[in-house]
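Spelled out from the first residue to the last, the chains are:
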Amino acid sequence: MSELVPVPALATRREFLLTLMCGPLLAGLLGACSVPRRSAAGLAQESGWLTQLFRDRDAVARFGNAYLQAHPAERRADALSAAIHEALLRRQPGALDAADPATAFRTLDAVVRDEYRRGRVTSVDGWLLSQTEARVYAVVALQQPGG
Amino acid sequence: MYTDAIDLPDHSRFDVDLAIIGSGPAGITLARAFANRSTQVCLIEAGGLAYDARVQSLYEGESAGIPYPIAGNRMRLFGGSSNHWGGFCRPLDPIDFEKRDWVPFSGWPFGIEELMPYYEPASVLVEIAPGRFNDKTYWEHATGETIPDPVTGRMQLRYTHFSPPTRFGQRYGDDLKRAANVRVLYNANVTNIASLQEGRAVQQLDIRTLTGLSHSVRARIYVLATGGLENARTLLLSNKSVPAGLGNQHDLVGRFFMEHPHLSGFGEIVVADLRRRPRAFTRRVEADGRAATAAFNPSEAFLRERRLLNATFLAGEAGPYYGYTRSDWAKAPLHMDMLRAARPFLADGSGPVDSARPDLLGEWLGLGCACEQVPNPDSRVTLAGERDLLGLPKIRLDWRLTEQDRRSVVEHMRSLAMEYGALGIGRMLLGVEDDGQWPAEVTGGAHHMGTTRMHDDPKQGVVDRNCRVHGVDNLYVAGSSVFTTGGAANPTLTVVALALRLADHLKTRLG
Ligand SMILES: Cc1cc2nc3c(=O)[nH]c(=O)nc-3n(C[C@H](O)[C@H](O)[C@H](O)COP(=O)(O)OP(=O)(O)OC[C@H]3O[C@@H](n4cnc5c(N)ncnc54)[C@H](O)[C@@H]3O)c2cc1C
Chain A
1 MSELVPVPAL
11 ATRREFLLTL
21 MCGPLLAGLL
31 GACSVPRRSA
41 AGLAQESGWL
51 TQLFRDRDAV
61 ARFGNAYLQA
71 HPAERRADAL
81 SAAIHEALLR
91 RQPGALDAAD
101 PATAFRTLDA
111 VVRDEYRRGR
121 VTSVDGWLLS
131 QTEARVYAVV
141 ALQQPGG
Chain B
1001 MYTDAIDLPD
1011 HSRFDVDLAI
1021 IGSGPAGITL
1031 ARAFANRSTQ
1041 VCLIEAGGLA
1051 YDARVQSLYE
1061 GESAGIPYPI
1071 AGNRMRLFGG
1081 SSNHWGGFCR
1091 PLDPIDFEKR
1101 DWVPFSGWPF
1111 GIEELMPYYE
1121 PASVLVEIAP
1131 GRFNDKTYWE
1141 HATGETIPDP
1151 VTGRMQLRYT
1161 HFSPPTRFGQ
1171 RYGDDLKRAA
1181 NVRVLYNANV
1191 TNIASLQEGR
1201 AVQQLDIRTL
1211 TGLSHSVRAR
1221 IYVLATGGLE
1231 NARTLLLSNK
1241 SVPAGLGNQH
1251 DLVGRFFMEH
1261 PHLSGFGEIV
1271 VADLRRRPRA
1281 FTRRVEADGR
1291 AATAAFNPSE
1301 AFLRERRLLN
1311 ATFLAGEAGP
1321 YYGYTRSDWA
1331 KAPLHMDMLR
1341 AARPFLADGS
1351 GPVDSARPDL
1361 LGEWLGLGCA
1371 CEQVPNPDSR
1381 VTLAGERDLL
1391 GLPKIRLDWR
1401 LTEQDRRSVV
1411 EHMRSLAMEY
1421 GALGIGRMLL
1431 GVEDDGQWPA
1441 EVTGGAHHMG
1451 TTRMHDDPKQ
1461 GVVDRNCRVH
1471 GVDNLYVAGS
1481 SVFTTGGAAN
1491 PTLTVVALAL
1501 RLADHLKTRL
1511 G
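Residue numbers (my numbering), protein chains in the order written: chain A, 1 to 147; chain B, 1001 to 1511.
Next up, chain B with everything else stripped away, as it sits in the complex:
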C-alpha cells in the first residue's frame, strides 16, 4: 500500500519487521523480495511519486574537490536515480574483488562467485536477462558479423547491456502497492537513525516532512538504501547518541568515495573502411529483445603484469568524412589527413570504401572511458556548514583522484590505440598529455561508491560481508556505498545483485 506522510496525523508511528530507507533500485529490490510474505515491511521514501524541485533541493551540497554536480547526479523521488539512469549494465570483473597488492585498500570480503547467483536475477530486474556479457559468439551470430578478438594481450572485449532503462518506481511500484505486507511511505525524510546503547542498536527512524510533520518508524531490522552519497550523510547526521555519527567509531563513514572518472574527448579514432569495424564496436546492436555494445576492457593478465586499475572504453560513431574539407570541426583536417595517409593500412584497394558513397573518406569515432580509481581515504563525504530546508547540514563532497589513477588510464588509452592499429581498423589520436595532470574535463558517471565500504575488519570497513554496519546489531546498508573497490562496470546491476543477496540474508535472520 502507498501512504503519503503528508496526509498522516502529526507524530504517526509505524511498527514493522523491516524498515527500508530509500526507494531506489536497492530499496525497491529489497522490498519486493519480501512482498507477499509474513514480514511487515515499510519502505520509506523522502520524495514523492513525481519530481518536486523543493524535495530535490534537499540533495544540494558543497563540492570541495573535483567539481561535482551533487544534486544533479541523483534524484530524490520514488524510484530514486533510476528515474534518469542510462541503463548501462555489466557485472564487475573477477579481479575487482581481489586484494591486489598494487591497489591500496583493495579486496572485498568475498569473490565474484558469491555474487554470481544474484547477477542473473538482477539481470531480470533490470530487464536485460539473460546476460551475454562475455559471449562473443552470441553477438556474432546476432549481428551476422565477425567480431575480431583483441590481439595485443592488453585488452579484452566485454558486452555492456542496455536496460530499457528500467524505472524501478514505475516498473515495480504496483507490485509493492498490491502487497498487503508492504507500506510505501513517501514524502518521508528520515532525518535521524535513533540508536540505543551508544549506537549498538537502532531504536527508531525519525521522519520529517517538508510540511513540518514528524513521524517515526520502528522495526526489528533497518536497511539504509538512500544512495551512495546519502547513505554516508544519513549516518553522519545520526549523531545524537554517537557524536561522530552512527557506525563511525573508526572515522570511516564517508571516506573512500570513489567514482568512475569519465573522460570524454581524450581521443578519437579514425576508420577508413567501415566494414573493418563491426557495428558492435560503435553501436547498440540488438538481439532477442536485448541491446548491447562491445566495450574494450584491459585484460586481467595485463592488469596484473602492469599493476594497473580497471577501465572500460566505449566508442561511438561521431561523423563521416567525405572528400572535401569540413569546417565545422577543428580537428577535421587532422583526422582527414590521417585517413588519407594511413589509407593503405586501413582499407583494401584504392577504390571507394563504400560504393554507395564514392567520396567517403572514412569516419571518426568519439570515445568514452570510465575508469577505476584507487580507494582513497581523503576522497570523502562530510557534513557542510550550510543547512537544507529541513535544517540539517548539507552534504560536502571532496572527490579526489590520484596520480596512480591517471597513469593507469593513460596506459589503457595507449592500449586502445594499439588494438585498433593491430586489427588494421583505425588510428587513434590521443588528446591527453602524459604530463601528470588530470584533464580539466574529468567528470563522474553519477556512480557513488565506497562511502560505507565493506570489510571484515571494523577498522577498515563500515559494513561487514553481510552489509551489516559494524557494531550496530540491526542496521544494514544497501547500495554502491558498500563497494570496497569500484571496478570499471556501471554499478547498478551489482547494486541490485547485492540487494537480492541481502534479502536472502535478512529472510534467514527475520525467520
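Next comes chain A alone, as it looks inside the complex:
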C-alpha cells in the first residue's frame, strides 16, 4: 500500500475544477497529469480525461482490475470508454462537447448516482458499485503501466 501523498490545500470546487483541467501550476503541484490536447470534437474520442479524474490511480486500478477479472470480455479500453461515454450522453446530450472534463465529470457523477438509485450496480471485490463507476475504474486500470 502506497503512502498518501500530502494533499495540496485545494479546498474549493473551483480549484478542483481547475485541477481537473490541469492548469500548469496545479499540475506541477500535484506532480501528476499531462493532459492530452483536446480536439474540437471535445472529449468524446478520448478516454484520457477519465484517468485524469483520479489522483491515486493505483487504488483505482485495484478495483478496475478486479472488475476486469470478473468481466474479461470488457478488457478493451476503447470499448469501455465508448460504453461510459454513451451512458453520459444518454443522460446529457452534449456532455462531452465542451472539451471540459469538469462538465463531463458532473454528468458522470450524476450517471453514477442515478445508477445506484436504479439498482444498476455490480459487485467488485465485495463493494457494490455503479456499473459505469466500475467501468471507469477499469479504464484507469487498463491505462496504467502494464494494464
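Hints are computed from structural coordinates only; laboratory data are not their basis.
Given the structure is predicted, the values throughout are model-derived calculations rather than measurements.
Some hints could be false.
If we take Cβ atoms under 7 Å as the criterion, some of the chain A residues that face chain B in the derived model are [to be verified]:
1. L89
2. R117
3. R120
4. W127
Ideal Cβ positions, reconstructed from N, Cα and C, are used throughout, including at glycine.
With chain A fixed as given, assemble chain B with the ligand onto it according to the hints.
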C-alpha cells in the same frame, strides 16, 4: 407494598382480584395502571430486588438450534430485563400488522391503529415522549443539518429513540410500594398455574421459594408476564390438569419463536467527506432532552413489490483513516483504497475533506441490522430433560431461520449500499456472501417473540385479540410472546403499549 416471599410463613395464601406474574416492563406497566384503585393486585416476581446468581440460574436452558445465550439474554429480578436493556425504541410499522401473502402466518388480529393510542403513553413510560419517529423536519431543526431523503425508493428513514434506559423496577417501584392496593411479592417463583375444568379456568398460582417454602395466590384474573421465553415455559410447565400444558390444546405454545436476527460485520461503509453524512446517520443526536438516531428501513412499497421482510439498519462511526496505512485492522487497506478511488464521487474538490485534519482520508462506518424473520412453527420453545434448582424441567430453545429470511436481509443490504451511493455519501463493502448460508455470526437481540402468538382462531394462536389465552376464561398473557409477527422494531415500546391496552380491557372486565 413489598413482601418478601421468603419471610412469609410456609403455605401463605393471598386472595386478590388481579394476579400478575412477572415484574418486567409488561408486569410493572400493568400493575401501575391499577395502582390506587379498588382492584386488589398482587405482582409476583421470581427474583429479588437485587441480582442473585442462584435465582438467575433458574433461567438457564438448552439451546438446540442457532446458538443462543438463554440465561444471558434476560434477567430474573424485580424490573426484569429492563435492568439491562439498551433502551432502543420504535413502534412497529403499519405493514407489520398486515396479513402479507408472502409471509406465512402473518397478520395480527388488528392493525396499528389499535395500538396508536397506547404508543404515546408507552413513550412516556420509557421516557422518550413525545416520540418523533418519522419526523425528519424535527430532527433537521434540532441538529441544524439537512438530512437527505432516501432516493432509491427502496428505503425510508425512521428515528429510533433512546430510553435513558428506564429501569422499570427502580423507576416505578416506589409507585407500587405506595399503592395500598398493590402487593409486590418477590422471591416468589410461580411453578404452576393450577387450573380447573380441564384447563378452562385458572384456580390458583402455586409459588415456591428457593428456600423451600410454598405459597399460593388466588385471583379473579391472572396475567402471565414472565417474558417472551418464560411465558411459554410456564404454560408448558402447568401441565397437571392439561398434560400438553395450559392453553396448548393445539400444540402452539412455544412454537413460532422469533428473534430479530442481528448481523454485525456484514458490511462496512466508507465516507470521505464527513459533511455529506448528517450526524443523525451515525450518532445519537439530542433535542429537547431526547436522543435518537436515524435508521434505514425498507419502504413499504419496496417490501410489497419485492415481497420481502422488514429490517432496520443502523450505522456508527467506527474510525477515521488518515493518509497512512493502518495496520491494526485487516480491512483498512481495502477501505482506504476505496476512499482514494471513489474520492471524486464522494467529496468536492481535491483539497482536504476537513481543513482541521488535512490528512484525513475519511472514515468507516460499522453497520448493524435487525431483521424480521418469518413466523416458523419449527422455531420453538419446549421443555428440556434437565431440571433447575426447583426441580422443574429447564427451557429448551430451538431457534431457526429460513432461506426466505436470509434472502430478504441480503436484498436490504444491497439497498443500503445503493442508498449511500445514490446520495453520494459513501461506498459499501458487503461481507455477506449470497451463498444460501446464514453467516455464523448471526445473533439475536434478546427479543423473544411469538411463543404465545395472537390470533383470533384458536387453531392458529395461543391468545385472542385481547391477549386472553384461548379456552381459558381468566388467563391473559402480556409481553412480546403475543406478537404475531415481529417486524423490525425493538419490541419493548410495543410490549408496554400492549400492556396499557390490556389494562384498559381488564379494567372493564374487573369493573
Ligand atoms: C441485553 C438486553 C438488551 C435489550 N435491549 C433492548 C432494547 O434496546 N430495546 C428493546 O425494545 N428491548 C430490548 N431488550 C428486550 C427487553 O428487555 C424486553 O423486551 C423487555 O424486558 C420485556 O419485558 P417483559 O416484562 O415482557 O419481560 P421481562 O423483562 O423478561 O420480565 C419478566 C419478569 O418475569 C419474572 N419471572 C420469570 N419467570 C417467573 C416465574 N416463574 N414466576 C415469577 N416471576 C417470573 C422475571 O424475573 C422478570 O422480572 C433487551 C434485552 C436484553 C437482555
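Hints, one by one, checked against the model:
no.: 1; hint: L89; verdict: 19 Å, violated
no.: 2; hint: R117; verdict: 4 Å, holds
no.: 3; hint: R120; verdict: 9 Å, violated
no.: 4; hint: W127; verdict: 5 Å, holds
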